[in-house]
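Number of protein chains: 2
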Amino acid sequence: MPDKCSINLQTMQNNTKFPEIPGPIGIFDSGYGGLTILEKIRAELPEYDYIYLGDNARTPYGTRSFEVVYKYTLECVTHMFEMGCQLVVLACNTASAKALRTIQQRNLPEMDPNRRVLGVIRPTVEAVVAMTTTNHIGLLATTGTVQSDSYPLEIQKINKDIHVTSEACPMWVPLIENNEFRTKGADYFIERDVRNLLAADPSIDTIMLGCTHYPLLEDKIKSLLPKGIQVVSQGEIVAKSLADYLQRHPEMESLCTRNGLIRYFSTESVEKFSSSASIFLHEEIKAEHIDLG
Amino acid sequence: MPDKCSINLQTMQNNTKFPEIPGPIGIFDSGYGGLTILEKIRAELPEYDYIYLGDNARTPYGTRSFEVVYKYTLECVTHMFEMGCQLVVLACNTASAKALRTIQQRNLPEMDPNRRVLGVIRPTVEAVVAMTTTNHIGLLATTGTVQSDSYPLEIQKINKDIHVTSEACPMWVPLIENNEFRTKGADYFIERDVRNLLAADPSIDTIMLGCTHYPLLEDKIKSLLPKGIQVVSQGEIVAKSLADYLQRHPEMESLCTRNGLIRYFSTESVEKFSSSASIFLHEEIKAEHIDLG
Numbered sequence: 609m610p611d612k613c614s615i616n617l618q619t620m621q622n623n624t625k626f627p628e629i630p631g632p633i634g635i636f637d638s639g640y641g642g643l644t645i646l647e648k649i650r651a652e653l654p655e656y657d658y659i660y661l662g663d664n665a666r667t668p669y670g671t672r673s674f675e676v677v678y679k680y681t682l683e684c685v686t687h688m689f690e691m692g693c694q695l696v697v698l699a700c701n702t703a704s705a706k707a708l709r710t711i712q713q714r715n716l717p718e719m720d721p722n723r724r725v726l727g728v729i730r731p732t733v734e735a736v737v738a739m740t741t742t743n744h745i746g747l748l749a750t751t752g753t754v755q756s757d758s759y760p761l762e763i764q765k766i767n768k769d770i771h772v773t774s775e776a777c778p779m780w781v782p783l784i785e786n787n788e789f790r791t792k793g794a795d796y797f798i799e800r801d802v803r804n805l806l807a808a809d810p811s812i813d814t815i816m817l818g819c820t821h822y823p824l825l826e827d828k829i830k831s832l833l834p835k836g837i838q839v840v841s842q843g844e845i846v847a848k849s850l851a852d853y854l855q856r857h858p859e860m861e862s863l864c865t866r867n868g869l870i871r872y873f874s875t876e877s878v879e880k881f882s883s884s885a886s887i888f889l890h891e892e893i894k895a896e897h898i899d900l901g
Numbered sequence: 609m610p611d612k613c614s615i616n617l618q619t620m621q622n623n624t625k626f627p628e629i630p631g632p633i634g635i636f637d638s639g640y641g642g643l644t645i646l647e648k649i650r651a652e653l654p655e656y657d658y659i660y661l662g663d664n665a666r667t668p669y670g671t672r673s674f675e676v677v678y679k680y681t682l683e684c685v686t687h688m689f690e691m692g693c694q695l696v697v698l699a700c701n702t703a704s705a706k707a708l709r710t711i712q713q714r715n716l717p718e719m720d721p722n723r724r725v726l727g728v729i730r731p732t733v734e735a736v737v738a739m740t741t742t743n744h745i746g747l748l749a750t751t752g753t754v755q756s757d758s759y760p761l762e763i764q765k766i767n768k769d770i771h772v773t774s775e776a777c778p779m780w781v782p783l784i785e786n787n788e789f790r791t792k793g794a795d796y797f798i799e800r801d802v803r804n805l806l807a808a809d810p811s812i813d814t815i816m817l818g819c820t821h822y823p824l825l826e827d828k829i830k831s832l833l834p835k836g837i838q839v840v841s842q843g844e845i846v847a848k849s850l851a852d853y854l855q856r857h858p859e860m861e862s863l864c865t866r867n868g869l870i871r872y873f874s875t876e877s878v879e880k881f882s883s884s885a886s887i888f889l890h891e892e893i894k895a896e897h898i899d900l901g
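Order-wise, the sequence lines are chains A and B. Note that the first sequence covers residues 609 to 901 in my numbering. Note that the second sequence covers residues 609 to 901 in my numbering.
Any given hint might turn out to be false.
Pairs involving identical chains hold if they fit within one copy or between any two copies, as the list cannot separate such chains.
Said to hold, decoys possible - Calculated lysine-lysine pairs in the BS3-like style (CA-CA distance at most 27 Å, straight line):
1. Lys792 x Lys768
2. Lys648 x Lys830
3. Lys848 x Lys830
4. Lys848 x Lys765
5. Lys765 x Lys792
6. Lys880 x Lys830
7. Lys679 x Lys880
Don't read these hints as lab results, they were simulated from the structure.
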């Protein structure tokens, strides 16, 4: 394992290649939310090996600037490449919105043009565009994802006639990560933000949950909606999209090992990660610590 | 300025000394809360120069593990030494609780035994012990500060007969940093946590606000308390304690420059820091970016 100082942009600009040997699929998130995506991916593709990396020591990304989200995401992706991943999924909307394009276009060609980094926004958008009948879509997401405009921009690429209305929900992640999302205080913020979205465009028939934490609020959100509005969370969409990707790219599929194994890594302490992860997963897990930044 | 890789424990363990020339007083916080302390310090000691460093790219510290808080705090303190500070105040309760002692006992002797790092817990405790008449004190703080047990331990050193009852308030910092602390949703969490504290010990006559964000909630908290319970926030206490320290240590006082200047540094983007800082300060500020970790 290279020491801390070699994991930086210097290395990448030198066009250093990582070894081309089969490895686990990397699932990256800024915190715990990506576990909701991981769960659906493993249900869809149980035979593959996975590494989950949560940058919990620096979570949440949702309210941070472009520069910071890009820097942290690139550090984590680089580390997952060093751990042997040929394919990394950014199971984090803020990282997908603020860092994915630059990593794909600027860093990957220099680091290793054969590796792949995929995000969660494009598959979500493709699914949701096929679902709306009014052509009015709502987005509930973090401030960072909303400010990035990534969802409306991706949707416009597919269909210019679709209107997207966004509502930033900055309190939802702290409410979930502190396990306070079933309280009356949480109800206030969830009800207010959903109401604001519906008021901003009464023609919305499809609402995207553009944050991997939000599936934990799905029942509550659905209970606030008039009949006929559907809610789309990302886990199953991303899982099916990944399965489809592997089928269409046998050269990448052959570089993903298949023993049904998983390892969890976190930049936070192992105890804290394991305890908080239990809010999201339905099994006891054993995490390993990694030091980044 | 040394490059990123030289700012690490390796440098310190080599017993590298920083130059002994007069410099500004460093005020460190994990985020924006330390600005409430800085404001009071500048009101008390306006003639000195200050550097404020907010580790906003990695905030909040309040819910992070000991290991992570120690690592980040040490990086920031080291950086402030490199910028010329002879004296650094950790204007952050979590850093004071989880990192101060180790930095003072383990790192300072190796880095530079003449520099000083001071925290906010000891001066707060000294003030509050003198104020209680029932010997029952309440503490409202982040989960990290409460779990560290630093406040009860420091109080016990002064007076073993004093009972300290603590209530962790994990939602208060996100409510303040997202400027949601004046909402009904915020009221729910503030009222619940204050009520829990009072129920746990009805003899409390003095409540410490053990987080530098909480002065923004002081009026709301006071409105919830029965008559006769006093609330102590830290700004003025820390400011008076620093003035007293400089008077008692002329060798350190002579190493602090006095031109009434201030510079703000943040690990976040300059735009984001300046905009969020306006929640805490009553003036427009111009921040500078620094890259850590």
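Verification of the supplied hints:
1. Lys792 x Lys768: neither (40 Å within a copy, 39 Å between copies)
2. Lys648 x Lys830: within (20 Å within a copy, 47 Å between copies)
3. Lys848 x Lys830: Answer is within; shortest intra-copy Cα gap is 23 Å, inter-copy 53 Å.
4. Lys848 x Lys765: This pair counts as within: shortest intra-copy Cα distance 21 Å, inter-copy 60 Å.
5. Lys765 x Lys792: This pair counts as neither: shortest intra-copy Cα distance 40 Å, inter-copy 40 Å.
6. Lys880 x Lys830: Neither way: lysine 880 and lysine 830 sit 31 Å apart in one copy and 33 Å across, limit 27 Å.
7. Lys679 x Lys880: both (24 Å within a copy, 16 Å between copies)
In the structure shown, a violation is registered for the earlier hints numbered 1, 5, 6, in ascending order.
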